[in-house]
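Since each chain comes alone in its own frame, lean on the hints to assemble the complex.
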Amino acid sequence: MTSFPRRRAINLAVAIAVAIVLAALLTFPFRSLSNSDAQAVVPYIPERLHPVTIKTPAGIGTLRTEQRDIHGNPVGVACSTCHADSGDRPLIERSAELTVFHTDLKFAHGQLSCSSCHNPDDRDLLRLADGQKIAFVDTMQLCAQCHGTQHRSYENGAHGGMVGYWDLSKGGRERNDCVACHDPHQPAYPQVMPAPPPRDRFFNVKGH
Amino acid sequence: MSTPTDKKTEANGVTRRTAVKALGATLGAAAFAKAMAPLKSWTSELSVDEFLQKHYRELTPEAMQEVLRRLEQNTLEQYGAEVTIEDLPPIEGVQFGYALNLSVCTGCRKCAEACHKENNHDRATNNSYIRVLEMEQGSMDMERGTAAYDHAVPAPGKFYMPVQCHQCDNAPCVDVCPVQATWKEKDGVVVVDYNWCIGCRYCEAACPYHARRFNWKKPEIPAEEINPVQAYLANRIRPKGVVEKCHFCLHRTRKGKLPACLEACPTGARVFGNLLDPKSEIRWVLENKRVYVLKEELGLRPRFFYFFD
Chain A
57 MTSFPRRRAI NLAVAIAVAI VLAALLTFPF RSLSNSDAQA VVPYIPERLH
107 PVTIKTPAGI GTLRTEQRDI HGNPVGVACS TCHADSGDRP LIERSAELTV
157 FHTDLKFAHG QLSCSSCHNP DDRDLLRLAD GQKIAFVDTM QLCAQCHGTQ
207 HRSYENGAHG GMVGYWDLSK GGRERNDCVA CHDPHQPAYP QVMPAPPPRD
257 RFFNVKGH
Chain B
-16 MSTPTDKKTE ANGVTRRTAV KALGATLGAA AFAKAMAPLK SWTSELSVDE
34 FLQKHYRELT PEAMQEVLRR LEQNTLEQYG AEVTIEDLPP IEGVQFGYAL
84 NLSVCTGCRK CAEACHKENN HDRATNNSYI RVLEMEQGSM DMERGTAAYD
134 HAVPAPGKFY MPVQCHQCDN APCVDVCPVQ ATWKEKDGVV VVDYNWCIGC
184 RYCEAACPYH ARRFNWKKPE IPAEEINPVQ AYLANRIRPK GVVEKCHFCL
234 HRTRKGKLPA CLEACPTGAR VFGNLLDPKS EIRWVLENKR VYVLKEELGL
284 RPRFFYFFD
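Protein sequence lines, in the order shown, are assigned to chains A and B. Using the numbering used here, the final residue of the first sequence is 264, and nothing's skipped along the way. Using the numbering used here, the final residue of the second sequence is 292, and nothing's skipped along the way.
The shape of chain B in the complex, shown without the other chains (with noise of 0.2 Å):
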């Protein structure tokens, strides 16, 4: 359990605004003004409560209740769905890891449609945090992978790889971020404070993998497909003009569930649990498997990895 104390702790002092203004200061006016576009054109639908909210990391238990119920009305308000956001922390002595079969993968896109519906995607979109790679058998460079493929799968000659995000040890995400909206969590799940994240994209340049999205417009979803079950730093719905990736689901996972996109995975290619934990099923994989760790010579120590049979 994270208690105020060490929610200060962690962050450090520096304030949304205060960033923002070295970031004017180096990057000159015009870079400046380009980079707070986004900013500019939210704020008819920002409220005063949101623009002067903390960053989550200094919020009091209270504080945070405050905010969750106020963005559970908006919800209300704008959506028309009745919703529940929890602030859901890290389960102390866990790790989370994520593995995936490519021997058994069909590219069959099933948990990429589990995740559009359970993270609450756009719909016109068909967003997801997962982009299913078909490939060229004998070949691991995913810039020439295609995700747009649309025939029967697996295809012959082909592989298929699904990319989310690696929540990677030495996230260049979370390095380039200009306000710290972005950060690395003790289970090792890298988050987005959509509440505090300026829409400048850094980070989505920064990944190597992809993985990361931006919300050019406000998501639309019908009420009665949103789900309700929602996490602060996971599925609830993102304000335009901010950035999201995948959270290892965890809005289930920190209940102890597994995420959507294995649960969905008809072909069982997925594994999933706590890589401090000696008997777990990632563990097993790791340690008995061919593991394939994508761009590896980026040395960005991701808890993705992938293997074969």
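Extracted from the complex, chain A is given alone in its bound form (with noise of 0.2 Å):
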């Protein structure tokens, strides 16, 4: 096979060119210290002090009803209020089977089934695909299963946003769990309007 060798060779060069880009990349913003700060800086690095909050949606785990509390949030109703016992009844898998109840349900989530994140034996809680039980609360572990990419990168405070303080040593963070932003059952963002663009001149780069 001759095409083996420089296939490899294609492959080196590539990688030298990505670890050079990579270098490059992460010297990149430091580099310039050195030029400009003769004396070496000592990093400020805040000791974690004040705490980080994820906040959940209000009610999570309920069913809401269209009543609400004093403070503007609708009231819950527990699952198992119904799903006690779910008798004979065959168990529904499919948004599309639902016929008598929760059928204002839309789901567009892959083909995952009703089962693959909640528990059938007892609704008020949901379950892990090894079948560990989790509170409604911890839904984040779920969402993690199957999209690791955007959890790690939400545990190291690139998805998901924050409030607050970039130095917890001077105050703490608000955070939203996935499920704030993302409708488990139909979990694409929605389109918005967006706010009004600018009124001044030279808004516009195109065409100038």
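Read the hints as simulated data drawn from the structure, not as lab findings. Accuracy of the hints is not assured; some may be wrong.
As the list claims (entries may be wrong) - Within a straight-line C-alpha distance of at most 27 Å, the following computed DSSO-like cross-link-like pairs (lysine-lysine) qualify:
no., chain 1, residue 1, chain 2, residue 2
1, B, 278, B, 169
2, A, 226, B, 262
3, B, 240, A, 111
4, B, 240, B, 167
5, B, 37, B, 240
6, B, 100, A, 226
Next up, the structure:
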């Protein structure tokens, strides 16, 4: 096979190129510092003093009704109110099969079935792929099973956003959990109308 | 903390007036008059104190306090709003960096809107330090983006790239300023002394990211909408005839808070922090994501990065 070594050479060249680019990127913001500041800078690294709190949507794990409590949050009914005993009713796994109840539930999340997430034996809980039961407030563990990349980014502050302090020694942070932004049944982020565009005379870069 | 002495050593003795003279000599009378036009047009609003104010970096702490109280008083008189203007020095050991996830941004302009309010921009122009560009998928040429889109987002086949000051380490805008009214601070933020700027707009022309804005007129903001938490080099209301730009919300970030645009982002596309802290979120992004530098070929070494998932 004559093509094999050549392909390997190309792979090697690509690998070297990637390594160079990576090295350049990583040193890039810091290289300049050594130029401008002669003495070594002692990095300021805050001790983690203030907490990072993660907000879950109000009433998670209950069936929200039209009624509102004094805070304006919907009053929820525990799932077990109706699901204490499934009786002889055949278990439904697809939204299309819902004819009696939850009929407004729209589903567009790959080929997942209801039991991929909901625990059929106790509807007040969710279920991981390994059978472990978890509370609704721990939904992020559920999403993490299948969306490792986004979850890892989230854990490192690079997905999901935050409000508060970058410097945790001065104050805490609040974050949203996955289902605050993604409806678990149709997780695609919805389209919105944007805030109004700028009205200055040079706002449009295109065409000058 | 910066002391009066290191403020003095940083300034190199060029006064505004000598620089203005030199500029006149090299440009010729016509160009000089043109460059000075904004200066002339402010004289009515400019007090003697303001005209004689020394360069920010030459001010003693006492003189600085006087300037701040005067500016607060001016805001009260001209806008009817009680505000606090602070002089916030960079934090030792902190170098700010900012990154934005282009896979996540949906172009909703909430960041630009938050900037508009936070930084006391003129209401009529809906000005903001951020321009969100709608781009064709597959192209990273910002000159082909459009900021004027007004339809539901994200639109099919498009992606969105918010552009603001990149706080370059080799900032061309700083190099071209004839009076050193703009400079790079120790935490990496490129700032403008609005009381020193002569409005020649060379910096605006020099910026490849179109990140600088010129105040054509006195900003108009209703008193009750003015953000009263202000800083000298940041969001205090700018006079007419000067250039302004994103300062990484230093009136917030130098107190440990996140920038207003980051907090306002409903999609979580923005990441901010201390580049010198190896455990910071911004470092994690630079070390673990595919990071892209806009117009990298210019070699300006920005502090603003784009990344993809």
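Has the given pair, residue 240 of chain B with residue 167 of chain B, been kept, meaning a C-alpha gap of at most 27 Å?
20 Å, holds
Are residue 37 of chain B and residue 240 of chain B close enough, with their CA atoms no more than 27 Å apart?
30 Å, violated
Against the 27 Å threshold, does the CA-CA distance of residue 278 of chain B and residue 169 of chain B hold or violate the hint?
Holds - the C-alpha atoms of residue 169 of chain B and residue 278 of chain B are around 24 Å apart, at most 27 Å.
Does the alpha-carbon distance linking residue 100 of chain B and residue 226 of chain A stay inside the 27 Å limit?
24 Å, holds
For residue 226 of chain A and residue 262 of chain B, compute the direct alpha-carbon distance and say whether it is at most 27 Å.
OK: residue 226 of chain A and residue 262 of chain B at ~16 Å, within 27 Å.
Are the Cα positions of residue 240 of chain B and residue 111 of chain A separated by 27 Å at most?
19 Å, holds
The structure shown violates just one earlier hint, number 5.
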